Every structure is written in C-alpha cells, then in structure tokens.
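Going line by line, the protein sequences match chains W and Y. For the first sequence, my numbering assigns the number 53 to the initial residue and increments by one for each residue that follows. For the second sequence, my numbering assigns the number 3 to the initial residue and increments by one for each residue that follows.
Calculated from the structure, these hints are not laboratory results. These figures come from a predicted structure and were not determined experimentally. Note that beta-carbon positions come from the ideal geometry of N, C-alpha and C, so glycine has one too. Each hint should be verified, as a subset may be incorrect.
[As the list claims (entries may be wrong)] Distance ranges between label pairs, derived from CB positions: (1) Val193/Y / Asn171/W: 37 to 43 Å; (2) Glu191/W / Asn176/Y: 54 to 60 Å; (3) Asn171/W / Thr126/Y: 56 to 62 Å.
[Stated by the list, open to error] No more than 27 Å apart at the CA atoms, straight line, and that leaves these computed lysine-lysine pairs for BS3-like: (4) Lys412/Y / Lys112/W; (5) Lys427/Y / Lys65/W; (6) Lys112/W / Lys167/Y; (7) Lys65/W / Lys364/Y; (8) Lys65/W / Lys417/Y.
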Amino acid sequence: MKVKQISIFLENKSGRLADVTRTLGREDINIRALSIADTTDFGILRLIVNRPEEANRALKEEGFMVSETEVIAVDVPDRPGGLAHVLEVLGEAGINIEYLYAFIGKTSDEALVIFRVENCDGAMHALQAKNIKVLDGNEVYAL
Amino acid sequence: MIWEKEMETAGRDELRTAQLLRLKQVVHTVYESVPYYKEQFDSHGIHPDALTSLDDLAKFPFTTKDALRDNYPFGLFAKPMKDIIRLHASSGTTGKPIVVGYTENDLQTWSGLIARIATMAGVTREDVAQICFSYGLFTGGFGLHYGLEKVGATVVPASVGNTEKQIMLIKDFNVTVLVCTPSYALYMAEVAGDMGVDPRTLPLKTGLFGAEPWTENMRVQIEERLNLVATDNYGLSEIMGPGVAGECRERAGLHINEDHFLVEVIDPNTGEVLPDGSEGELVFTTLTKEGFPVIRYRTKDISVINRERCACGRTTARMRKVSGRTDDMLIIRGVNVFPSQIESVLMEVAEVAPHYLIVVDKKKGYLDDLEVHVELNREKFTGSFRDLEDVEKKISRKLANVLTVSARVKLVEPKSLERTMGKAKRVIDRRNDA
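Same shape as in the complex, but just chain W (with noise of 0.2 Å):
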C-alpha cells in the first residue's frame, strides 16, 4: 500500500536541481509529484516517479546522496474542509506528520496528497477504518 519517495540531497548552487530532472528525463522517468524543503545552503528534493527503483539507481550513478522512504498517497476529497477531516483522523490515532505535499494530477473530484508520518502502517489503518482512501503504490505510479 506504500508509496516509494526518491528524497535528493541538493547543495544550493544553481543547476543542480537541472541536473537532477535532466537525469530522469534522459531515463524517461515521468515526475508524479514533488516538494522542496530548503536551507540557505542545502535542500532535499522529495519525488514520487513512475519508476522509483530506475530512477534511484540512475540518480546514484550521476552521484547524487539519494535514499527511498515510505510514504502514503490520501486520497482526499477536493472541497473546503476535505484535508481538515483527514487530519483529524490522523490526530485522534496520534499519528504525528512530518510533512506533506500535493500530487499534481488528481484523479476525478479527489485530491491526492502524499503524507510522510512516523507510523505509516497505524495512519493507514486509522484512514481506512474511517473509509478515507489510501492508494496503493502501483496505482500511484501509473497515474
């Protein structure tokens, strides 16, 4: 059920985030989604791809500091207080967020966010008990 997420290490000097997207795209690796988390002096690139085990081992090879974390991708209801209600779910099983970011697509009248918690097994288990949609990680990719 979870989503595989490419985080980059990124020094704050110009092109390098150009050469990470060049990478992917001379491998033909769709981006999917993506957020940015910086310092003045360095930043971490979070991904989520069509293809995460392809894409981390060419981001590697160009030399790159890349590791693969576990998220969950919420499908969460695109109208006012959609987001609110999940995380309320979430608070009331004491799950603590680390952050989170917005797909780019969506799928019909539902927005997906992809959500990194300390306990991604309880978060799913809280979600769905509450009939919130958690996809699956292949479903994510082929979006």
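Based on these hints, arrange chain Y on the given structure of chain W.
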C-alpha cells in the same frame, strides 16, 4: 627490526658526545664556507669556538625561511657546485622556491635515514612499496625511493595521478606498503570504492604517510577504510626531506634521527629554549649535512619532545605527531584556531565524510567569519530534513566546544570538494582579499 641498532639504541651520554663533536664541526664549517652564517654569527657576537657544550647552541641565531629565500638559489650551500650532485626545491607556491643541494655523502645519509624510518614502520625486503609522491623537485618521491630500495623492498615508483591505475597496480603487483600523503590515501579508498573494489580487500599492510599534518582521528579513518597500519613520518626539505623522524609500530611519537639532526623546542614568541615535555616550535640543526647544512632552523611546526626510551627499544627522542604549524594557525576573532582541531571534530561524526574545507571571510567588512564545508556520508543519508539539521547542530556544538569560537557548518554533497594527489588544501582565507 632496527636498521642501525647501534645508533638508534645508543645511550644518552654516548649520543650527546657524538652530537657535540658533530655540532662543533658544523658551526665551524658554516662559519668558514657560508658568508651568510659568518655575518649572522659576527653580528650576534658569537664565534664557533664559543660552542663547548650542546647547550651553547642556544646562543647562536636562528635561521628562518626568509633567510633561505633571500639566498636563492645557492647562497647557503657549503660546498662548491662540483660537489653537489642533486638539487631539490620546495613547492614555493608564493615567490621563489627554496633550493637545497646534496653531496654524494648526503644522498647516502638520506637513503640510510629513510631505511631507518621504513624499518621502524615495519617495512622489510619482503614488501612491495608503491610510492605515490611526485618524482621531481619535491623531496618526497626520490627521498622515499632510494631509502626503500636500500631496505630491499620492491619499489613501484607510481608517482602521482591516475588514481584508478594506482589501485590497479596495488592489486596486480600485490603492493603491501603505501607511501603517500594521508589525504591521498583516503582519496584512494574512495576511488577504489567507485571502481567496485572494496578498499579493505587490497593487499596493503602498512602505510607510510607524511608531507602534511594529520590527526589521530584521521589515522583511525584511514586504517578502517584501507585495513592497514598507518604510520606517520616527518621531514622538511630545508633540513633533509623525509627521514628526519618516523613512527615505529608502537606509534607513540616519531623517533627523531638525533645523531643527524639536533632538535630544540622553543617558545615561538620569545625564542626561548623550552625543557623536554613542553609544547613549542621545533628547531633543527643538521649535524652531518655537507651540501646544505642549517643552523637552528625554525620549522614553525608545533610539537613536544619526549626522550624516554621507547617500548620498541630505540632511545632516540620522540616528537609528538605534528598537529599544526604556526603559520597554519588561524586567528579568528582573536582566538587561535588550528585546522587540525576542526579535523579531529569532523572525524568523530559518522554522518559526514573525512573531506572538508575551512573558509574564513570577513562579514560586514570587520567580523571574522569561520565556515566549515563538510561532505556528507552517502551511507548515512536518511532523506530526513531534521536529521541533516541535527548533524549540522551537532558539529557546530562540538566545534564551539573545541575552538571556543563559533563556526558555521555547511553540509555539501559527497565528492563535491576538490581532491588533491599531493598536499591537501584545506583552508581558504579570504580576509585579505580586497
């Protein structure tokens, strides 16, 4: 094994007697053959005849690097050029280099001294030794070369460059002894990894590392990565080149070849000679050099001398591993900072690799700003932002404790800092840039 047992294990009195005899001769020789020394001794009102004990040496003037530069190229040679059969020169990154000359006897002495330090590091004629120092004006390549041949080891004069080929040679020639700078040893381990060769599986057993100061923590890193025993050796071209001192397998200080080099430790500010056991600047006087004898040369290297007998059986004085040079010392907001202090902190942090650069700049035009760039260790990258911030904070806190001044830590990508084959460049000081 001890290469020259009689000299290296001589009693203190016996050694001092031999040193005094040689010292008397060398002060006379330079007074008579080198106009610079005659002028210096005369202006200090001291005559070679006034030297009747080793302690009298303290009355003689120091020789500094400037004096060597001012007398470029051959002004301080004590022999005519027809007797000089080899020249070497310091790298001389700024201005003219310092040129030194060797007679035939000097070269014999030199290779013998290298044979001593190689033997104390554990090298025997069974070994295959790869020398990854440049063969040229730099004393490292040729210096180690002839001494290792004298020991009877099989010498591979690989010189510098083409690191992948160096690693191939180590594997294919079954090289057991690696001779290079400590920073290059680490670089080799990294390149081997890139080639898909586990550096721990290389046949290397012993490392003879020198030509730049390095810390005990760096030794641990090198030994772990290359699976060898790393020994330090010390020398400077102004005195001889490598072979002035080296570590035995006890690795409890570097044995100084005292029958050839008289060592003093002085207070770098006052020039006063300090007792054994005190930290200060090393000062050397050559006792047997013919071509280029030097009186009381100020090395700017900081160390401590210990004259107790070593567990290895040698009685020669031992100098503590040089941790810094007075001219490497940075003054940051009035506080003395040695790059080696920063290195020892970084080597203790598993999340970073042993590659760093110290950048000093002026902030707002007046405030010294110390920044340490350090490469992350690929293996420890979790992808978590907080983990990286924690690493940064941990290093900053440790640096502040050790240095007593704050330093900014900049985490950089693996392999993004420049690698050198020779002496590592670890400090960029931009404070005097306009």
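**Study point:** Hints violated by the structure (numbers, ascending)
**Key:** none
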